[in-house]
Amino acid sequence: MPRCYRSVTDAEYVSDRMTTLPIHPATTPHAVPAPAPTPQSEWRTLRGTNVGDRLYRATLTALALVLPLLLVTLLAELVVGAWPAIKRFGLPFVWTSVWDPVAGVFGAAPMIFGTLASSLLALLIAVPLALGVAIYLTEFSPKWLRQPIAFLVELLAAIPSVVYGLWGIFVLIPFLRSYVVPPLRATLGWTPLFGGVFYGNSLLAGGIILAIMIVPYIAAVSREVLLAVPASQREAALGMGATRWEAVWTAVVPYGRAGLIGAVILGLGRALGETMAVTMVIGNRHDISLSVLQPAYTMAAAIANEFSEAVSDLHLAAMFEVGLVLFVVTVIVNACARLLIWRVARGTAVGSRAL
Amino acid sequence: MSGRSLRRHVTSGLMTGLVAVLSFTAVLALVLILGDLIAKGASSLNWDFFTKNPVPAGQSGGGVANAIVGTGIIVGLAALIGLPIGIGTGLYLAEYGSGRLGWFVADVLNGTPSIVIGIFAWTWLVRPMGGYSALAGSVALAALMIPMIARTTEEMVRLVPHSLREAALALGYPRWRTSLRVVARTALAGIVTGCLVGVARIAGETAPLLFTALGNLNFSTSVTQPMQTLPHQIYEYASGPFEEWHRLAWASALVLMSLVLLLGVTARWAIRQRHGAAR
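Chains as they are written, first to last, in this note's numbering: chain F, 1 to 355; chain U, 1001 to 1279.
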């Protein structure tokens, strides 16, 4: 009697298949050997090693290789481009301040100072704002307000840099000139931080614009971090008689501290590399001044202004070196931020989204 | 209530008020900027603005037709280059990636200043080709976009329940068809959202275009020639001395902002359709 399908019970048939089909093909692709009598092609299909699969995997791998390649070529090209300047000026490039394209002498200290000063000023303003937003949204706000406020704050990240610059030139600077700087100078004008004549374009204007620009990034990541704090932390604090603010400040915030610091550093990374808005309002003066009312220069602004107008090969190499310094600094800052954030909110793509 | 307890509750109330005020301050900044854009830009929007090219400095009238078309071409080309690579990388990270190293590379590139990406495109395209070109600008924008798209795609694909994948494999689907027809398809709304947000982000970029696409006073559709874009036009007009230019800069900024918001809001809407209220 010929063996027909019915002669095998459903249970046997199913169990036969199930034992040979790996549950997680990704982790154990070859763990179970295929039985001999079945046609090879069918099992290959099931085990995920057929031609289509290989082609698919090869295509995706090729596409995925673009990113690491981009990173490596970017670094290599910056080093190669900057080499003449590195050889000529060595390490003093980062702490000397003469920048004379005609004489061929380059020192980037004022730009590095301006980049750090404007970013720190931005953090000083943005961190309280952003943490306020994050804490308010996760802990205190009425439910119906959460979505709209989170959306509006994230919209700040969607405004193009050049639009911030435009607003800075025609709205913020006139506002500072008429309402903020006169009282500042009247009360604090004797300190070196607020000395000198205010022309408009200044470290202060750059710092404020930067602060508005990085608030959404810090707020979004901080919010994710605070959301990742277990409810039991809050409940325990409240259960011991803490007020709502005490629960937040003594239980929730310390629990997420690493992630919050990561969020701030991420904001710092954004501020360091921001170009257009800063270029438009910071004054672009190659000079170190302690006063926030004076013009300054940043690395990104220098590249934006001078790169395509480099007067000599050495000038161009110096621009490459500025780019290299900027790149290395942002990579280090971002890497620190990611590691800190991952400790709290593991593996989420926080901060990589705008809107 | 004892004095100490009272003080603690007052502190709690004050701090709650403070964080609320800080939140509304952040929102206020947005409202102010958008309000100024409309107040100073809307009055200059007319038919000429969209259909005419810039006129020589000092004359009145003229529009930014060349910049609008240029933005369309450069961003479109960037999307054409960047989206397939970004989505492919995201799928790779989700399907075969082992986590940290892939994220690390993508996140580091995500944080790379856009002006440095401009230097990258200048070195590999402008210098060898012997001149500024729209193509170089597109490549720079694509390079900015890839890590962003890759991360959102990966995140969206990882949200797809494993049971769906197992069901497809159990039915005898090969892995590649499972990945494309079942997994990627389930995550489609999220991937599209990521793409729209990515395009919106690069549409507003100026820095990488400064020494790649350069800008152009005339109408040009050739991708091997310099081309004008809206962000670059805003930068030039805002930095210039003429009232007329400032007026056009505000109007251009309003148009650019509307474009970016349109893409962003479409993206939000797309993800709501799929996942209900987003986080």
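What the hints contain is simulated information worked out from the structure, not anything from laboratory work.
Treat the hints with caution; some may be incorrect.
Derived DEER-like restraints, expressed as beta-carbon distance ranges [stated by the list, open to error]:
| id | chain 1 | residue 1 | chain 2 | residue 2 | range |
| --- | --- | --- | --- | --- | --- |
| 1 | U | D1048 | F | I125 | 37 to 43 Å |
| 2 | F | L75 | U | G1076 | 25 to 31 Å |
| 3 | U | L1080 | F | V94 | 50 to 56 Å |
| 4 | U | I1038 | F | V79 | 45 to 51 Å |
| 5 | U | F1024 | F | T187 | 23 to 29 Å |
| 6 | U | G1017 | F | A310 | 49 to 55 Å |
| 7 | F | A62 | U | L1045 | 25 to 31 Å |
Computed footprint of chain U on chain F; a stretch qualifies when at least three of its residues, placed anywhere within it, have a C-beta under 8 Å from a C-beta of chain U [stated by the list, open to error]:
| id | stretch |
| --- | --- |
| 8 | 106 to 115 |
| 9 | 146 to 156 |
| 10 | 173 to 183 |
| 11 | 187 to 194 |
In this text, a Cβ means the ideal position worked out from N, Cα and C, and glycines have one as well.
Consistency of the hints with the structure:
About 40 Å separates the C-beta atoms of D1048 of chain U and I125 of chain F, a value consistent with the hinted range of 37 to 43 Å. A hinted range of 25 to 31 Å holds for the C-beta pair L75 of chain F and G1076 of chain U, which are about 29 Å apart. In this structure the hint that L1080 of chain U and V94 of chain F lie 50 to 56 Å apart at CB is violated, the actual value being about 40 Å. For the hinted restraint 45 to 51 Å between I1038 of chain U and V79 of chain F, the CB-CB distance of approximately 46 Å keeps it satisfied.
Separated by about 27 Å at the C-beta atoms, F1024 of chain U and T187 of chain F satisfy the suggested range of 23 to 29 Å. For G1017 of chain U and A310 of chain F, the hinted distance range of 49 to 55 Å is satisfied, since their beta carbons lie about 53 Å from each other. In this structure the hint that A62 of chain F and L1045 of chain U lie 25 to 31 Å apart at CB is violated, the actual value being about 45 Å. Coverage of the stretch 106 to 115 of chain F by chain U is violated in this model, with 0 residues showing a Cβ closer than 8 Å to a Cβ of that chain against a need of three.
Counting residues of the stretch 146 to 156 of chain F whose CB lies closer than 8 Å to any CB of chain U gives 7, which reaches the minimum of 3, so the coverage claim holds. Coverage of the stretch 173 to 183 of chain F by chain U is violated [criterion: at least 3 residues with CB-CB distance below 8 Å; count 0]. Coverage of a stretch by a chain is defined here by at least three residues with a beta carbon nearer than 8 Å to that chain's beta carbons; for the stretch 187 to 194 of chain F and chain U the count is 0, and the condition is violated.
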